[in-house]
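If you're matching positions, the sequence shown starts at 5 in the numbering used here and goes up one per residue.
Check before you lean on any hint, since a few could be wrong.
[What the hints assert, rightly or not] Estimated spans, in silico, between C-beta atoms of each pair:
1) Glu6 <-> Ile66: 17 to 23 Å
2) Asn45 <-> Asp13: 41 to 47 Å
3) Pro8 <-> Glu55: 36 to 42 Å
If you are wondering where the hints come from, they were derived from the structure by calculation, not from laboratory data.
The model shown is predicted, which means the values in this text are computed figures rather than measured ones.
Heads up, the beta-carbon is just placed ideally off N, CA and C, and yes, glycines get one too.
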Amino acid sequence: MESPIEVLDALILKRLRELKILELGVVTSVFPHSDSNDKDNYECNLMLLGEGEGVELRRVPIATQHIGLT
Numbered sequence: 005m006e007s008p009i010e011v012l013d014a015l016i017l018k019r020l021r022e023l024k025i026l027e028l029g030v031v032t033s034v035f036p037h038s039d040s041n042d043k044d045n046y047e048c049n050l051m052l053l054g055e056g057e058g059v060e061l062r063r064v065p066i067a068t069q070h071i072g073l074t
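Full structure from sequences and hints, please.
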């Protein structure tokens, strides 16, 4: 028999897996900076979720707080 803590822990984990926070899509490809002299920035391809599901946006700019952060 499971303890009340184990049951509560399992319930919380289940609820957290169902929680979607600002989930716009899934990254399908990543394009890094090619050369230090180029004008290309970091970009990715993004497959949209929800109502736009099945639509892939190409070469979407990536914005982070600082280089190296995700």
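Going through the hints against the structure:
Between Glu6 and Ile66, the C-beta spacing of about 43 Å breaks the proposed range 17 to 23 Å. Between Asn45 and Asp13 the CB atoms are about 42 Å apart, so this pair conforms to the stated range of 41 to 47 Å. Distance hint check: the CB atoms of Pro8 and Glu55 are about 40 Å apart, consistent with the given range 36 to 42 Å.
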